[in-house]
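Can you build the whole structure from these sequences, using the hints too?
Chains as they are written, first to last, in numbering that gives the first Met the number 0: chain Z, 0 to 440; chain A, 0 to 407.
Errors might be hidden in some of the hints.
The calculated BS3-like cross-link candidates involving lysine-lysine, where the alpha carbons are at most 25 Å apart (straight line), are [claimed, not checked]: (1) Z:K19 with A:K137; (2) A:K378 with Z:K19; (3) Z:K23 with A:K60; (4) A:K137 with Z:K421; (5) A:K60 with A:K154.
In case anyone wonders, no lab produced these hints; they're calculated from the structure.
Residue-level listing of the chains:
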Amino acid sequence: MKLKIAHLYVALAALTFGCKPDIKEDITATSGTANFSQYVAVGNSLTAGYADGALYKQGQSYAYPNILAQQFALVGGGPFKIPYMVDDNGIGVQNNQPVTKRILGPVTDCKGVTSLGPVFAGIPNLANLAPIPGPFNNMGVPGAKSFHLLTPLFGRPLTQGGNPFYYRMASNPGVSTVVGDVVAQNPTFVSIWIGNNDVLGYASTGGEEGGDSITSVTAYTQYLYAIVNTVTAGGAKGVIANITDVTSIPYFRTVPYNGLVLTSQAQVDALNAGYAPLGIKFNLGQNPFIISDKNAPGGLRQIKSDELILLTIPQDSIKCKGLGSQIPIPGKYVLDQTEIANIKTATAGYNQAIVTVAQQKDLAFADMASLMSSLSTGITFDGLTFTTTFVTGGAFSLDGIHLTPQGNAIVANGFIDAINHKYSSTLPQVNVASYPGIVFP
Amino acid sequence: MKKLLFFMIFLSAAGLVRAGGYQVNLIGVRYVGMGHIGTGLTMDAGSIFFNPGALSLIKDKYSITGSVSGIFSYTQFRSANAGYTARTDNPLSTPFSVFASAKITDDLSAGIGVYTPFGSSIVWGDNWGGKYLIQDIKLKAVFFQPTVSYKIGDKLGIGAGLVFAYGKVDLHRAIPVTFADGSSGQANLKGHATNWGYNVGISFKPIEALTIGLNYRSKIKMDLKDGDANFTVPSSLSANFPAGNKFDATLPLPATFSGGISYNINEKFLIGAQVDYVRWSAYDSLIFDFKQNTSSLPDSRNPRKYDNTFIFRLGGQYKASDMLTIRLGGYYDETPVKKDYENPETPDGNRIGLSAGLSIYPIEKLSIDLSFLFVNQLKRDSQYLPANFKGAYKTYAYIPGIGLTYNF
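Spelled out as structure tokens, the structure:
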């Protein structure tokens, strides 16, 4: 009796020790009514994985279409070929010159104060722009506006006004089009996110004459229909995303309108004396910047609290050369009320067209505009809180426009939600916390 | 044997017991074998913990008992939206207890106990999906309790103990800054605290075969002062996370009311039941108050919002011979954690515990005690709302225990 019980006890212990909890798979990934076997992504720099002011290998690997493709692979998605750059410094464009990506590094300002800020990672390697053989599943092209996707001119060499990023990956530079290269791959599923640059080009040049102009809503709508009709002509299903409010991104929200800080009464008195004829007054502490405005008396005025200053404004000129105080800030660094209204009107028009085409073509609709507005107030995933604050907000990379890997994961999850909703698929989202944020030295 | 079988079936069906949060109900393997009933028992010096009032009712003049358990626990997490699975890699944790008591006079007994009624040891790893909530935590409390007990007549015992509690915590959590290799920064918070509490009880034997006990163990607020807050961050951020930083935090060890009853059906059979009421609502939030705050390092406020809970326990023992006693028991332990505040730091759920045990007497008065407890923490779909972290948790724990008891 004694022995038997002891045996039983040992047997029980041995039996149960090996057993670990196993939660039943209550979510099995399925493709629903969609077919992800041949996925092609259509879009601009956001789709390409441009980040930190450049297109570079690691940024491309974290682009939301690649994250999506990895989830599609769980339910029959095929390989996803990316037009990788040759290195991790990559190529970006600043003032029509090639540059590398930015990294955080020490920056010493005109007053000798050193702090952490975006600096170039090195010297750009132009081999990054050499043509490479396709076809490519990620057809996101940095700089692409809606109509660019439809024209063979877009693939001409840079010297002839073409786009260097499409030139290198075009099936036939100067002859092929982006949508043509998409269709040639017989996609079963497409993602379309295009239109940001139709308004961002204007916004990022301060809406100045001689700069970029906004694509009219009528024209955009026509281009959008042409793009969607072409890429879905072969029966592809897909998802289309609307355009975020570009004025809410860090590029326009980092330099405050009242960033003119006066610390001595002498400065205040001098400025008050100088601006007395225009009736502009200054105080100790924060003051609105002085900006150029050809319609204002004397061609200048104080900036209003709802007007925006671009991230690209030379900070040293503000600190040491009187920019924004003695010298008005030129219009190319400012979005005034009218320009902001132009941007918002166009964005709303584009987004109306996108919703309509999604309905007519029976596509899944990813509401990126709403996602962006919740980002403005702060949004939390897996213990990480994201905002639109530059650098520390976590979602936007060092160019203040494009996404970090974590930001791409959030966007990918938004697309996955939209796809699951439309096609009754059960694609799992990705774990945002497992993606990197902005790298600190 | 038939009787025994019936007894086992009865216990497996009704044998539901509960305990939750970071309370560790493994005080004495003789008690563990019976579903951790003890408030209504007068068995050995373990009454110092379970019911100081019962201590003076123990028949033997001296009682010494000590034991140690080994917790092998496995928790699985399955993300609700990202669909991945994570498992803990917990180290073996070894709660222990030692009690000794003596009758100073026929009516007055005194004793001392050292035991570990709270603790937690969870390792999720540095790179799992919930790393920004917790990577690993080690929490341990040791109680020292001198106790006196007085017998009023033959039927009533009252007793009280003064508790000195020592507690320590050591945890790691990822912080959202990224190194060049893509890994994240890390915070390590560790420190210790001490405080006082008490344990009072009353035990009543209306007839020889029946014991009724009531016990109250006070809340002890562990106020941790000047713990070490160390941060592993990229060097450019060292000013944002100052070296040698300190923190204060408070962790309450909740009060427990307990009522128990036991009955000797005959000379061989004893059966008992117990209800514990744990005042977990004391644990409302966990706040790490850093000595040096920066723009990157505000104080960390983590809502917990625990609820008070009941634990229902049932157990019994059978003296098979002079040399062998066998035990069975079980409990049902409600989770104190609200569904929207389930945090992987203390992954909790309603628990069913089933236990068995035995004592072997190689010589009279000395027993070698063994127990085995299996805890099934039921699958729970939940989330930690403040972090938007959703998923299901499930835990199994296998807990063997061994001890010695010498009553003379």
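Status of the hints after comparison with the structure:
1. Z:K19 with A:K137: Measuring from Cα to Cα gives roughly 21 Å; hence the hint holds.
2. A:K378 with Z:K19: The hint holds at about 13 Å.
3. Z:K23 with A:K60: Roughly 54 Å separates the two Cα atoms, so the pair is violated.
4. A:K137 with Z:K421: violated (45 Å)
5. A:K60 with A:K154: holds (17 Å)
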